[in-house]
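Build out the structure end to end from the sequences listed, making use of the hints.
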Amino acid sequence: MHIVLGPSPEPRGPDGDTAQPPWRAVSLDAGREVSARDFPRGQLAAVVRAVQEGSERPDRIRWVWADTREVYPELLAAGIELARVWDLRLCQRILRTAASASSRGVEYAPAADLSEEREEPAGRVPPPRVDPRQASLFEAPAAQPQPRGPACDQLIRELEAQRRAVSSSPEPHRLNLLLAAESQGGLIAEEMHHEGLPWNRGIHERLLEERLGPRPEEGSRPARMQSLAEHVGRVLGSERLNPDSPQDLLRALNAAGVRVGSTRKWDLMAWAAEGGAHVEERRELIRPVLEYKQLYRLWTANGWHWLDEWVREDRFHAAYVVGGVVTGRWAAHGGGAMQIPRTVRDAVRAEPGHVLTVADASQVEPRILAAMSGDRALAVAGRDHDLYLGIAEIGQRTGSALKDRQAAKIALLGAMYGATSGDSAAMMPHLRRLFPAAIELVERAAEAGERGGQVATWLGRTSPAPDEAWFAAVRDVGTAQAESRSRTLSRSHGRFTRNFVVQGTAAEWALCWMGEIRRRLRAGGPGGSGLRTRMVFFVHDEVVLHGPEEEAEEAHGIVGEAAAAAGRLLFGEAPVDFPLTVAAVGSYAEAK
DNA sequence: TAAGGACGCCAC
DNA sequence: AAACGTGGCGTCCTTA
Numbered sequence: 332m333h334i335v336l337g338p339s340p341e342p343r344g345p346d347g348d349t350a351q352p353p354w355r356a357v358s359l360d361a362g363r364e365v366s367a368r369d370f371p372r373g374q375l376a377a378v379v380r381a382v383q384e385g386s387e388r389p390d391r392i393r394w395v396w397a398d399t400r401e402v403y404p405e406l407l408a409a410g411i412e413l414a415r416v417w418d419l420r421l422c423q424r425i426l427r428t429a430a431s432a433s434s435r436g437v438e439y440a441p442a443a444d445l446s447e448e449r450e451e452p453a454g455r456v457p458p459p460r461v462d463p464r465q466a467s468l469f470e471a472p473a474a475q476p477q478p479r480g481p482a483c484d485q486l487i488r489e490l491e492a493q494r495r496a497v498s499s500s501p502e503p504h505r506l507n508l509l510l511a512a513e514s515q516g517g518l519i520a521e522e523m524h525h526e527g528l529p530w531n532r533g534i535h536e537r538l539l540e541e542r543l544g545p546r547p548e549e550g551s552r553p554a555r556m557q558s559l560a561e562h563v564g565r566v567l568g569s570e571r572l573n574p575d576s577p578q579d580l581l582r583a584l585n586a587a588g589v590r591v592g593s594t595r596k597w598d599l600m601a602w603a604a605e606g607g608a609h610v611e612e613r614r615e616l617i618r619p620v621l622e623y624k625q626l627y628r629l630w631t632a633n634g635w636h637w638l639d640e641w642v643r644e645d646r647f648h649a650a651y652v653v654g655g656v657v658t659g660r661w662a663a664h665g666g667g668a669m670q671i672p673r674t675v676r677d678a679v680r681a682e683p684g685h686v687l688t689v690a691d692a693s694q695v696e697p698r699i700l701a702a703m704s705g706d707r708a709l710a711v712a713g714r715d716h717d718l719y720l721g722i723a724e725i726g727q728r729t730g731s732a733l734k735d736r737q738a739a740k741i742a743l744l745g746a747m748y749g750a751t752s753g754d755s756a757a758m759m760p761h762l763r764r765l766f767p768a769a770i771e772l773v774e775r776a777a778e779a780g781e782r783g784g785q786v787a788t789w790l791g792r793t794s795p796a797p798d799e800a801w802f803a804a805v806r807d808v809g810t811a812q813a814e815s816r817s818r819t820l821s822r823s824h825g826r827f828t829r830n831f832v833v834q835g836t837a838a839e840w841a842l843c844w845m846g847e848i849r850r851r852l853r854a855g856g857p858g859g860s861g862l863r864t865r866m867v868f869f870v871h872d873e874v875v876l877h878g879p880e881e882e883a884e885e886a887h888g889i890v891g892e893a894a895a896a897a898g899r900l901l902f903g904e905a906p907v908d909f910p911l912t913v914a915a916v917g918s919y920a921e922a923k
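In this text, residue positions in the first sequence follow the working numbering: the first is 332, and each later residue adds one.
Everything labelled a hint here was simulated from the structure, so no lab data went into it. Please read all numbers here as calculations on a predicted model, not as lab measurements. There could be a bad hint or two in this list.
[What the hints assert, rightly or not] Within a straight-line C-alpha distance of at most 30 Å, the following computed BS3-like cross-link-like pairs (lysine-lysine) qualify: (1) LYS740 to LYS923; (2) LYS923 to LYS734; (3) LYS596 to LYS624; (4) LYS624 to LYS923; (5) LYS596 to LYS740; (6) LYS596 to LYS923.
[As the list claims (entries may be wrong)] Each pair of labels, with its calculated beta carbon distance range: (7) LEU581 to GLY436: 45 to 55 Å; (8) SER431 to SER823: 38 to 48 Å; (9) GLY667 to ARG822: 23 to 33 Å; (10) ASP390 to GLU364: 20 to 30 Å; (11) SER593 to HIS562: 13 to 23 Å; (12) GLU640 to ASP798: 31 to 41 Å; (13) GLU561 to GLU536: 18 to 28 Å; (14) SER576 to ARG899: 53 to 63 Å; (15) SER434 to THR631: 37 to 47 Å; (16) GLU892 to GLY667: 40 to 50 Å; (17) GLN578 to GLU640: 23 to 33 Å.
Idealized CB from N, CA, C, for every residue including glycine.
Have a look at this one:
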């Protein structure tokens, strides 16, 4: 059973109100319209609740709408959670790209334009759905007037178009799974945004004070940084040095005999390391610079301003962007949600009587590669918890150069990223000998990309084609310079497609993993009424749950079962494991 | 003065 | 040591 929700094609409400044009809910049974009703937009939550409560199997309803971000927040604010949806916008994006590659065999003609570019001609960053400066970020945006997108009847035609595209595709089962998972991702993203990551302001403030000193006046540096800045100026012999300015700092460093080409941490450390007899002296010289950089980063990225802007009532409400990365990975908008540095993770605390269950999937990408390529040897290497150690063991047995963990890791990451030089590239022949099927897969993806071709993930997310300028530049081999540029561009796109198939499929696994966790959390607990434990954070291959202590054991079991279930969902009974590191902790910093 | 690139560092 | 994939973001600095 599908229920399509969207603006009514009728221009005015039942009482003739044009200021509040109505919305429409249409029930479809096997694609046929069985009922329809119009209602004022403001009653959306009430209508959805009534349908859910009036249904014997509300979990079997698949709600269909243009954009989860437009609708679901107000349902969550009203305490309504839905089991299944179809997000036409998210699905359209996947289908459009798939259909753009003739080799994919997906035929799709959109019936309604749901692309982001409609509102955002720049077309780069999706518009934030709330203004971070407004308190409404943390409240239901129910009252905000919304732009009127395609009407309900158009959405029904769009749903039909999408379903046709799926069933006509070479792999309908996989593509359907991808679209369902992506839609469910839309739900999960909004639920996690609504729930928020428990963030203890007091602990964060204490941490800042310990390292930076008391909160400074607006416009001036924290005390500890100010004295360090002055110290650095004295040491380098440049009074009035502003270490915040890379140019300034580089000049001062060079003037003081520090021969570096940039002010990067690694450049400075390398300079010190090659000091021969003067290593210690050099380290002493750059130490305050490095310390200043560290504090500067903490202050600017996760300091008091960040706390004020992003943490409300001890929760950090990260705004996720589903499929925000070309590969299908999620992005986050605002607050740097996917780059929470280790230094502040101690502020992430379970609330009293609760625990954080931190589940981290081990070496997902090489395991994905093993499953996709059917490489038995790589699957065997991944039987234990540590796949890289598994490779090292095989390497030792067979007398390969891949005989320690570090070498194995560098080599495999290099194969997936497209390393062309150094230790990593040197290991490629050994890697190829041990894992021919896996290496073959990434090499083929790279070759396709170098020619400007499109590649696809396991479930069928397709990489975008390079633009015309790219093809023109790659064709241009008139001069030595042009030829070099052509090769650079070509190789670069090859590295992109090489990584796309693995990173993208890993993202699909993660999406299914979260979906399975969600399903189990909803179904678990006494009488199957659902646990109180909630997913509160996600980043690529890691999930954080927050819930009552007494549910911790069950939550631990759920994340593990869900990981295995996700593997089966994608790859059937392929002999590839997806082990996790799971920690039940009071503080995020205790995990890993 | 606003926009946008460069820089540098954070995450997986 | 970094190289080599995908991103966000705060700041400085140049450009229109």
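Hints versus structure:
1. LYS740 to LYS923: Holds: LYS740 and LYS923 sit about 18 Å apart, inside 30 Å.
2. LYS923 to LYS734: OK: LYS923 and LYS734 at ~25 Å, within 30 Å.
3. LYS596 to LYS624: Within the cut-off at roughly 8 Å; holds.
4. LYS624 to LYS923: Holds, at about 25 Å.
5. LYS596 to LYS740: 24 Å, holds
6. LYS596 to LYS923: 25 Å, holds
7. LEU581 to GLY436: 45 to 55 Å: Holds, since LEU581 and GLY436 (Cβ atoms, about 54 Å apart) stay within the stated range.
8. SER431 to SER823: 38 to 48 Å: 20 Å, violated
9. GLY667 to ARG822: 23 to 33 Å: 31 Å, holds
10. ASP390 to GLU364: 20 to 30 Å: 22 Å, holds
11. SER593 to HIS562: 13 to 23 Å: 22 Å, holds
12. GLU640 to ASP798: 31 to 41 Å: Hint holds: Cβ distance 36 Å, inside 31 to 41 Å.
13. GLU561 to GLU536: 18 to 28 Å: 25 Å, holds
14. SER576 to ARG899: 53 to 63 Å: 54 Å, holds
15. SER434 to THR631: 37 to 47 Å: About 46 Å separates the Cβ atoms of SER434 and THR631, which means 37 to 47 Å holds.
16. GLU892 to GLY667: 40 to 50 Å: Because 32 Å falls outside the window, the suggested range is violated.
17. GLN578 to GLU640: 23 to 33 Å: 29 Å, holds
Comparing the model with each numbered hint stated earlier shows that hints 8, 16 do not hold.
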